[in-house]
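**Q** So you can see what is in the structure, the chains are spelled out below.
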Amino acid sequence: MNTIILSAIFGVVMMFTGIFISNRAAYKHVAAIALLVLLVFNIYETHGFVLFNVNADYFLHFEKFGLLFTSICIFSTLVYVLLSGKDIEKAGANTAEAFALIFFVLCGIGIVTSYTNLLMLFVGIEILSIPLYILTGSDKRNLKGNEAALKYFLMGSFSTGIMLMGIALLYGAAGTFAVEHVASAGMLSYLEALGMVLIFVALSFKVSAAPFHFWTPDVYDGAPTVITSFMATVVKVAGFAAFIRLFEGRLGTMGSQTDRLIAIVIILTLAFGNLTAVFQQSVKRMLAYSSIAQAGFMLFALFAVNDVAKEGLLLYAAAYSLATIGIFAVLAKMDDMTFEGFNGLAKSQPLIAALLAIFFLSLAGIPLTAGFFAKYYMLAAIIKTNHYIGLAIIGVLFAAVSVYYYFKVIQAMYFKDGNIVLAPVTNSFKYLLLAVAVIIVFLGVYPNALLSLLYF
Amino acid sequence: MPITYYITLAIVLFCIGVVGVLTRRNAIIIFMCIELMLNAVNLLLVAFSKMHNGKALATNPTSLAGIDGQLFVFFIMVVAAAEVCVGLSIIVMMYRNTHSVDVNFLNRLKN
Numbered sequence: 084m085n086t087i088i089l090s091a092i093f094g095v096v097m098m099f100t101g102i103f104i105s106n107r108a109a110y111k112h113v114a115a116i117a118l119l120v121l122l123v124f125n126i127y128e129t130h131g132f133v134l135f136n137v138n139a140d141y142f143l144h145f146e147k148f149g150l151l152f153t154s155i156c157i158f159s160t161l162v163y164v165l166l167s168g169k170d171i172e173k174a175g176a177n178t179a180e181a182f183a184l185i186f187f188v189l190c191g192i193g194i195v196t197s198y199t200n201l202l203m204l205f206v207g208i209e210i211l212s213i214p215l216y217i218l219t220g221s222d223k224r225n226l227k228g229n230e231a232a233l234k235y236f237l238m239g240s241f242s243t244g245i246m247l248m249g250i251a252l253l254y255g256a257a258g259t260f261a262v263e264h265v266a267s268a269g270m271l272s273y274l275e276a277l278g279m280v281l282i283f284v285a286l287s288f289k290v291s292a293a294p295f296h297f298w299t300p301d302v303y304d305g306a307p308t309v310i311t312s313f314m315a316t317v318v319k320v321a322g323f324a325a326f327i328r329l330f331e332g333r334l335g336t337m338g339s340q341t342d343r344l345i346a347i348v349i350i351l352t353l354a355f356g357n358l359t360a361v362f363q364q365s366v367k368r369m370l371a372y373s374s375i376a377q378a379g380f381m382l383f384a385l386f387a388v389n390d391v392a393k394e395g396l397l398l399y400a401a402a403y404s405l406a407t408i409g410i411f412a413v414l415a416k417m418d419d420m421t422f423e424g425f426n427g428l429a430k431s432q433p434l435i436a437a438l439l440a441i442f443f444l445s446l447a448g449i450p451l452t453a454g455f456f457a458k459y460y461m462l463a464a465i466i467k468t469n470h471y472i473g474l475a476i477i478g479v480l481f482a483a484v485s486v487y488y489y490f491k492v493i494q495a496m497y498f499k500d501g502n503i504v505l506a507p508v509t510n511s512f513k514y515l516l517l518a519v520a521v522i523i524v525f526l527g528v529y530p531n532a533l534l535s536l537l538y539f
Numbered sequence: 023m024p025i026t027y028y029i030t031l032a033i034v035l036f037c038i039g040v041v042g043v044l045t046r047r048n049a050i051i052i053f054m055c056i057e058l059m060l061n062a063v064n065l066l067l068v069a070f071s072k073m074h075n076g077k078a079l080a081t082n083p084t085s086l087a088g089i090d091g092q093l094f095v096f097f098i099m100v101v102a103a104a105e106v107c108v109g110l111s112i113i114v115m116m117y118r119n120t121h122s123v124d125v126n127f128l129n130r131l132k133n
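Respectively, the protein sequence lines represent chains H and X.
Note that the working numbering gives residue 205 to position 122 of the first sequence, counting from 1, and the numbers run on in steps of one.
Note that the working numbering gives residue 97 to position 75 of the second sequence, counting from 1, and the numbers run on in steps of one.
These aren't lab readings, by the way, just hints derived from the structure by calculation.
Please read these numbers as outputs of a predicted model, since none were measured by experiment.
Just to be clear, a hint being listed does not mean it is correct.
Stated by the list, open to error - Reference listing, derived: stretches of chain H covered by chain X, where coverage requires no fewer than 3 residues with Cβ under 8 Å from a Cβ of chain X:
| # | segment |
| --- | --- |
| 1 | 203–213 |
| 2 | 220–226 |
| 3 | 250–262 |
| 4 | 346–357 |
| 5 | 459–467 |
Positions of the beta carbon are idealized from the N, C-alpha and C atoms, including for glycine.
Using the sequences plus the hints, can you model the full thing?
**A** Structure follows, in structure tokens:
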């Protein structure tokens with residue numbers, strides 16, 4: 084509850100900051116402080132300290148998993164604002180409003196990680212999406228940005244319509260919007276089965292799982308790079324929190340047919356994401372496809388829904404978000420976003436090149452980075468379910484494919500010569516990037532540091 | 023009237039919306055079709071709400087069961103209004119730059 088209320092308040096505060104403070108460089112610091120406060124209060128709530136004691140049990144229920152997930156999202160956003168704050172200033176004319184919208188997105192994330200009612204699922208997803216439509220189009224003069232915004236908006240509201248139809252059908256069958264009631268029904272009627280499938284399709288749209296991924300590369304490519312960074316990490320990961328909360332109690336009763344449905348979606352997502360990423364020329368577009376591929380891995384949690392899967396999803400959220408935010412922060416400073424643009428980075432900026440290499444290794448799931456344990460937990464969760472073990476094998480195979488395109492960047496940085504054009508970077512940027520890399524390596528050696536927060 | 027009529031009507035409206043979104047090329051018409059989908063859902067929710075209420079009234083004459091379906095409709099209306107704001111402004115922004123609202127125009131991002 085702290086997050087939801089405070090982030091809405093901070094959003095409004097940020098808008099007023101835009102009126103009263105004319106120095107654009109200051110917005111970033113205000114936002115960073117507000118995010119820090121938000122993070123502290125959210126962690127406090129995990130320990131039972133609530134600012135506003137509102138009884139909303141029918142709509143929202145706050146438990147450790149959801150709160151920890153929100154903490155990871157807020158922390159990633161904090162890192163994102165600190166790393167890319169300068170680029171947000173360049174993306175559009177209204178910097179303060181862009182930060183305000185980011186806070187409103189966090190408000191939506193607070194809701195989708197802890198809802199117990201389909202009404203709140205709908206409201207949360209919308210609070211999360213609508214500011215993003217605006218952020219995507221924040222560069223008003225840029226035609227590609229406009230196009231991405233329109234495409235994202237049309238696809239987003241279309242999927243909302245589908246989700247609402249699903250919710251309405253579930254309501255017709257169950258007579259209530261409460262998730263646990265929807266989840267506990269034994270045999271499925273036609274209405275319920277259709278409703279669940281429609282909600283599944285709509286949420287697949289939001290997390291860009293194949294075959295509903297086609298908007299993702301265009302939108303991620305067209306949006307300003309800083310905004311893509313936020314969309315592809317924090318928001319996408321939050322979509323999975325919504326997903327797993329809905330399906331938590333459900334899967335056991337839904338039987339083998341839904342299992343098969345999810346398995347097909349996972350395989351399609353992994354295949355489309357990885358195989359298309361191999362053929363990309365632009366690193367930004369490659370990252371868009373790789374985010375689809377990573378979504379395929381995160382869907383494993385949805386298939387398995389056990390404790391290992393939940394732990395894995397937390398770890399995956401942290402590992403994936405931090406690494407991708409780091410990569411995008413460097414990418415936003417480059418003019419040439421093709422693979423050739425990275426040629427010779429190791430010579431001119433050895434530290435940044437080394438850190439980027441760590442991020443890419445983490446995304447590929449190489450041991451000693453957080454990405455390795457994230458993938459490990461996902462596969463372990465699948466194996467623990469004792470059926471569809473073939474899925475784990477497919478996952479490993481596609482993880483091997485992903486190594487190819489991630490290493491192409493590392494190869495360009497270290498083994499090719501070229502004149503790199505990089506916007507000037509400050510020392511604080513480098514140290515921050517170093518800190519993110521340290522966190523990733525630390526989680527890769529000792530993942531329990533994060534997971535033990537679930538149990539105390 | 024039996025509930026099936028309402029369900030059928032809502033599904034038909036919804037399908038018209040979906041087909042419109044998938045086949046039309048004018049951004050505004052696509053947008054209208056999305057609104058049609060949302061309104062089909064509203065209709066269905068109200069019908070289900072009445073149905074659940076009717077069932078509960080049979081056993082308990084002061085029952086409020088089914089009221090949350092109607093509440094949901096208000097939320098959908100509010101959110102749809104917010105979406106219209108954002109959506110129309112995006113379309114206007116697009117029109118200012120390209121002088122067209124045709125989504126076929128939108129293939130600069132391919133490749």
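**Q** A separate judgement is required for each hint: does it hold in the structure or not?
**A** Here's how the hints hold up against the structure:
1. 203–213: holds (count 4)
2. 220–226: holds (count 4)
3. 250–262: Check passed, 8 qualifying residues.
4. 346–357: The restraint on the segment 346–357 of chain H is violated, since only 0 of its residues have a Cβ under 8 Å from chain X and three are required.
5. 459–467: violated (count 0)
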